[in-house]
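Novice: Letter by letter, the chains look like this.
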Amino acid sequence: MKRIEVILSGSGGQGLILAGIILADAALLAGWRAVQTQSYGPEARGGASKSEVIISDEEIDFPKVERADVLLAMNQESCAKYISAVKESGLVIVDSTYVARLPATPAKTVSLPLTKTARERLGKTVVANMTALGALVTFLKEIPPDLAEQALVKRVPAGTQEINREAFWLGRELAGIQAAGSKALS
Amino acid sequence: MEINVANSETGPGEPLKINHRWCKGCGICASFCRQEALALNEEGRAALVRPERCNRCGLCEDLCPDFALEVAARAPDKAGFGHNGFVEAGALAPRLADRQARSAPAEPGGLPKAQLERYLRQAKMPHLWCPGCGNGLVVHALLKAIHQLDLDQDKIVVVAGIGCAGRAAGYLDFDTLHTTHGRALAFATGVKLSRPELTVIVLMGDGDAAAIGGNHLIHAARRNIDLTAIVFNNSIYGMTGGQCSPLTPTAGRGTTAPYGNIERPFDLPALVQGAGGTYVARATTYHARLLTDLIKGGLRHRGFAFIEAITYCPTAFGRQNKAGSPADALRWQRDHALNVQAYRRLAHDEKRGRFPIGLLYCGDAPEYLAAGAGPS
Amino acid sequence: MTTGLKLLQGNEAVAEAALAAGARFFAGYPITPSTEIAEIMAARLPAVGGRFIQMEDEIASLAAVIGASLAGMKAFTATSGPGFSLMQENIGFAAMAEVPCVVVNVQRLGPSTGIPTAPGQGDVMQARWGTHGDHPAVVFCPGSVREAYDLTVFAFNVAERLRTPVILILDEIIAHMREGVVLPVPGELEIVARPRPAGAPGTYPVYRAELGEVPAVPDFGTGYRFHVTGLIHDESGLPVNNSETADGLIRRLHRKVDLVRREITLTRAYRLEDAQVAVIAYGSVARSARRAVEEARAAGVRAGLLQLQTIWPFPEEEVAALAPRVRQIVVAEMNLGQIEGEVRRTVAGRTKVVPLTTGGGRLFTPGEIRRAICAAPGGRLKKAVHQ
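Chains as they are written, first to last, in my numbering: chain W, 249 to 434; chain H, -9 to 366; chain C, -12 to 374.
These are calculated hints, taken from the structure and not from any lab test.
Keep in mind that a hint or two might mislead.
Computed footprint of chain H on chain C; a stretch qualifies when at least three of its residues, placed anywhere within it, have a C-beta under 8 angstroms from a C-beta of chain H [said to hold, decoys possible]:
id : region
1  : 32 to 44
2  : 48 to 54
3  : 75 to 85
4  : 88 to 94
5  : 161 to 169
Since the structure is predicted, the reported quantities are computational estimates derived from the model, not experimental observations.
Where is the CB? At the ideal position from N, CA and C, for every residue including glycine.
Go ahead and model the full structure; you've got the sequences and the hints to work with.
Specialist: Here it is, written out as structure tokens:
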């Protein structure tokens, strides 16, 4: 049985729940089973928010992450909070825009200027979640990026498909640069 | 005074039929009969002691809260004095008469007893209200209004709250819904939205409508949903034994205010108007024809119609507040109510102790169902 | 390579299922974590000729639902703990007046405001006894998004068939999770409508018990001119004040549900045939328990799971059947032990009952349940398990 556990985390308002939903959608399109859950505080913005996606080839029972294969952390607080849940053989992707100090971890780590690049190249930080997603699926070989893009287009608000797709490809680009120079998740 | 007491119902051909099973002996008819033709007999029931003096004016029938009286061949020219409350006339009175003439069948304000009884679940009569309770008068006005509008009996739903007023639903031969305390308007909203073609009438006491039901009252008004709400305002919680309500006057007595009520009462019409109701009216049980007319107007109105019916509880309110007999209470209503035009012309300190009756506000706003909901 | 699975949220599944079951009236009040249901119904109902209204509070919401049901529509509401508490009086009204309706309670961690976004299962006893007086209760609890769909349809069918309020409780995890599911084709679903009167208006006794002790109460506006009340009433629907009628009516309301108990007490057994230790769980906890059963078996303990999909009427027969066969029953709940009492009562000392409890509003991990399963019989369970 193959089971992949992914945590997407950051502060409330960074759109990580949407990113998790799209990841789950993409997994279904690719023929996997998927479950997505989340946890959050009462704030609409700020705090720590987490989306969890389980991808499996069999029926999924326990819907939460126990040992994450991938952690995406888009702020310092969530990085510190969830890094210990990552497997030794796992991967931690952080947004260097907000994560200055990476706690020690046996897992592989990748630090990308996700939000900074989105702001500089697209003029918006609100689509940084799609940049993060683009990076994430580049490292996650089980999810074909074109299916992730297909899923994304269906989930983002009407009229924002184009900019969100650009943000997604931006993330792929950033990850590609990284991947060329280091070992990706296999 | 020597009185010939009649012990049983008067026979056919008599000007007045009395149902002794339904009559509770409140004495209103005897007190108000200008011809002194009525009195209470040894069993304490109404009796036509001087039939020759009866001029068939119909006042007794109009003021009987027990549906126990039926005047044969009413004389319309003798009817309608004073108890419309328009001795002072004012601009409203001629218009009122016009409306009555246009809408009424043979007798202005009349509802033939046979038809009245078709609106009642007769097997459940007599009702449970105390002798002299004004609730029967409010119900009578409602039934007259329904009759005069010729509404389909199968398409009326009466939704009632908890309390003496709410019990009215059990006696009425329509689809009736006796809800939880204070929530009648919410239940009625569900009925109306589900079957908009039904006429939905909501009957509540003052505690039911304004205390526990206050929130639902202001929202039904805000929505301007096409319901006709009638509050039986006797300024007390009657069924539970006489506690104060949000309509008990300051300094009034209630079992929960043994030293006098320190709170101020609501002005219900102002509350409902402020909340967005588009037909707001008040009358008293003494002003039987006005009350009927206002209910008729409310039933015809497309939007939230609110009628406050000032009524009297001789038991729970009357005794604690020494407010007198049921007949005394009707006279109190006559003496303290003023038609709204006249009331508005009074100076501020002249208004003390008096209150306006009539159609207090009628506005125009989209009715909830007409506003529509759905993707455009 | 797609399997045809679509990602669907638990709350979305409830809304879709309600529409498929024929619900055309929703009245509700926003409250986390149930609000998605109201928002979906607001968007979907107008297009199918239905009605949505956001009422001023939860009391009014259930009142409007009852009014709409009496006027002939399949109607429901959705709320969470604080709103569920407010609805109790009207739940009793619906039970007494035999009004079909569905109340969805998406449980949060309580009591009181609790943590609105955290899961809990603390309302199961309230769902049974929240409203005053002797009344039967029908309460279902899904453990997956597909079950949320199926049990919603079932809830409407049972409500219509028995003319009684049916409560659907979800925990926040099931309500907010998104899962790949295949939904039944609406045309394939069995949809039940309430029994309607055979007799003509007139002296038709609208509350006379017919088949299965269920009266064929008419809808408002169809000419029967009948009375509906929360007071004790006789067959005519009109209130009566006598002890014998009251006793008869209350017992009939219970018999109505009791007669179909075996049809409506739904459970799912997983590897119970040869189990030495059973776990009883419901909602999202059943999912953790399923994995725990696997892990326990890998460790040499023959474990099995009884998932309760019906909470009330309590599935006594299934629980009683376990008692002589297992050395202990672990009852895992996201509360401080509510169904535990029912299990103990049913088991009547024939086997050990081990509660696994939490007041913390989080889902047990499979490991926590596995440790409870594997604990030596007679041994004490460490308190730290649920901290």
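Novice: Does each hint hold? Answer for all of them.
Specialist: Hints versus structure:
With a cut-off of 8 angstroms between beta carbons, the region 32 to 44 of chain C has 8 residues touching chain H; three or more are needed, and the interface restraint holds. For the region 48 to 54 of chain C, the stated coverage by chain H is satisfied: 6 residues place a CB nearer than 8 angstroms to a CB of that chain, which reaches the threshold of 3. Under the rule that three or more residues need a Cβ within less than 8 angstroms of chain H, the assignment of the region 75 to 85 of chain C holds, with 3 such residues. Figure legend: the region 88 to 94 of chain C, annotated as covered by chain H; annotation inconsistent (0 residues with Cβ-Cβ distances under 8 angstroms, at least 3 required).
Counting residues of the region 161 to 169 of chain C whose CB lies closer than 8 angstroms to any CB of chain H gives 0, which falls below the minimum of 3, so the coverage claim is violated.
Hints 4 and 5, counting from the list given before, are not met by this structure.
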